[in-house]
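Chains as they are written, first to last, in the numbering used here: chain A, 3 to 262; chain B, 15 to 513.
It should be emphasised that the hints constitute simulated quantities derived from the structure, not laboratory data. Quick caveat, the model's predicted, so the values are computed rather than measured. No residue lacks a Cβ here, since even glycine has one placed at the ideal position from N, Cα and C. Check each hint, because a few of them may be wrong.
Stated by the list, open to error - Non-contacting residues of chain B with respect to chain A, defined by C-beta distances greater than 12 angstroms in every case (computed): (1) L151; (2) I196; (3) L204; (4) E221; (5) I252; (6) G327; (7) N366; (8) L390; (9) Q392; (10) A448.
Claimed, not checked - The list that follows gives simulated cross-link-like pairs (lysine-lysine, DSSO-like), each with its CA atoms no further than 30 angstroms apart: (11) K247(A) - K266(B); (12) K294(B) - K503(B); (13) K92(A) - K499(B); (14) K91(B) - K266(B); (15) K395(B) - K26(A); (16) K280(B) - K334(B); (17) K505(B) - K224(B); (18) K266(B) - K44(A); (19) K270(B) - K280(B); (20) K26(A) - K505(B); (21) K297(B) - K92(A); (22) K141(B) - K206(B); (23) K280(B) - K13(A).
Stated by the list, open to error - What the simulated footprint calls covered on chain A by chain B, stretch by stretch (three residues with Cβ under 8 angstroms from a Cβ of chain B suffice, anywhere in the stretch; the number is not a length): (24) 30 to 44; (25) 82 to 90; (26) 230 to 238; (27) 242 to 248; (28) 251 to 262.
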Amino acid sequence: MFAAERKRIIKKYLLENSKAEVVKISDILDVSEVTVRRDFEKLEHEGFLIRTHGGAILHDPHEKTYYAEQDMEADENNQEIVETAAALVKDEDIIMLTGGHINQLLARKLSERQGLTILTNDLVAALNASAGGMNRVICLGGEIEQDNFSVSGSITLRNMQKYHVNRVFVEVDGISENLDLSVSSQQKSELIESAVQSSDHVTLLCNYELIGKRAFLSLGPITMMNSVITNPQLADEYKIAIYNKNVILYTSINAFEGNV
Amino acid sequence: MSEQTVLELQDVNKSFNGEFNLSNVNLKLNTGDIHVIMGENGSGKSLLMKIVAGYFTVDSGNIIYKGNVINHLTIHKALSEGIYYQHQDLPVFENLSAAENIYFDYRTRRKKHLRIWNELENVAECKNLFSELGINLEPTKKLGLYGFAERQLLFAAKAFISDAKIIIFDEPTAGMSEVERITFFNILSLIKKKTEAIFYISHRLDEITKVGDKLSIMEQGRIISTSDIRNINEKEIIKLITGKHEIHQYPKISIKQNRECLLDVKGMRSGHILKDVSFKLYKQEILGITGLMGSGRSRLGNCLFGIRQPEGGIITLNGKICHFMHPFDAMLAGISLIPEERHINGIFNPLNMSGNMTLPNLKRFLNNSILDENILQQVVKDYVKKLGIIPADPENGIHYFSGGNQQKILLARWFMKRSLIYIMDEPTRGIDIASKIDVYNAMNNLVVKGASVILLSSDIDEIIGMCDRILILSDGKIKSELLQKDATKEKIYSLAIDD
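Next up, chain A with everything else stripped away, as it sits in the complex (with noise of 0.2 angstroms):
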């Protein structure tokens, strides 16, 4: 086959899947795995897709995103924290959401299951959970943040204590050295605060290059979650801090390529 119809194919595929496994096409093309790496190599110098672990994702200029652009490395690193979290929830389960990047990438995901009931006070994340119409989303009223589309105050407040939920999704804006966390405003912490409280298991998502960073408003110690979604990247001295404090390490490894 010629490079040029085998790019063709490539090219196609991906339109049609936004992704492509380097296993699957070469497969398909029934040609060798480095045949189909060096093709994603040359389509990604044009532009056209961007390379990632085992495959390639298509690179769309114009595609429409709510979440702030961020740079490639830590969008994957999120994405990786987001599978995990997601193959966390079980169907039928009720969850919450609060506001940040990587919940708005969650609540994405999630549009693709069904029967969940999803609560958020984030915009962007309902409309994102909403977005498959086979999930319940619930958006907690109250007054809009203009910065990060978040809803908060007294009215979200008293609105979620009428709720209670299997497991919540929270975010936080700084971990400090000594896994103190914290985040920037009162609002988000007195909502993250009644959070946990009406919930069973509470869940920390981070990305690790958080941890040293500090915002202003000290939350509590990380021994409130119950359970840490973060990269395998993360230190280990972290690593095994988090462990002593007995809360469950996520460590989002992502190796295998594709599906079995």
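Place chain B on chain A using the hints.
Frame of chain A; chain B shown alone:
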């Protein structure tokens, strides 16, 4: 009973690679006692005995033997001082006869100058010895033809003639049948009359209450209690062993299973160790198999991976009956094994990290029979990042990596192979906590992506923490099956030690 102390350990410490394996061990061995030592696998029983027998020296603390401090023993010195250690996995000469194995060092230690090997005399003496001890074995038969239990009997006979003052038995009855055990206990009672004191490591409750005088229980390198066996019942012993140390939480992801059977093993037999093993493995589950030392966990893994051919039984993978004559067959069928002895069976010392990682996967990097080094390095880099391997330079020799990172390199090797079933044999033994967490999370990654995991482990906490279902292997059979929600440490332990 005279309470005379033959051997005393005072604040003995020993660490390997900065991790404490024994800390502040205090122990007294009294004249005339059979002192039983119990504890979970890896609690440091054998290590302690090896220190007494001169295999290792202590980091700090004292060993006092008959009033003398003997901290710097060698194996040879310990023997001549009268300390005989019967190793757990017996070091034997398989190509020599039973009599030769028993007597090869007997005369040299006794007669300093006249060392003549008299085969006939040996065999005759050995025959007498066997009839005195009631061992029904042939002295001239090659040792390689004897099974594990028979070898233990031979070595008990060797202990009998050794005239040692202290004899240490390290799980002598593991793998013995009832008849052999009766013979062994006869020998043991004869030995007890001849020698001053005995250390006895065992897991079997019934036998320790029968033969033991004192009982010490070890947990994570410490002696947590020493008591008189007559004052304690079996229930209390189990409680002491399973202990109440801090429970850590495991990062478990449970996948909703549709109970689709992936692997079906029926009636697998192998040697004296596996008698009749049957179980099923479902898609996307982590199946834990646990059992005592010598219960055949590793043998089971080896049989499934084609390292050993089972003597009977049927393995059905994805509805097809399989015969693995070689690990290569198993790999082709979609099975990977991460072996227990990482240094011997896992890593290739002469190769660097990328070589170790890609070895079974080189076919993936072929382009018209030529290896594409460029692409290979890119993929290796991806895996290094995804598994957090440190140091990250693929050119580094494998020996530059810590145990935990070596284990992660092995994980990367088999992840790259993209198998259906991952058999992990003691994947977290001897690695640091951070790597342990990564190994558990890697297991999650496998099941999320659709693969299945068989976790062979002696760490009961880990088994309960990570597995959807738990099988208990005992006496060569799958003794019972527990779901994660029903499993407790005490339950598993009492099922495993009970025959």
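- Of all the hints given earlier, name the ones this structure violates by number, lowest first. 8, 9, 10, 14, 18, 20, 23
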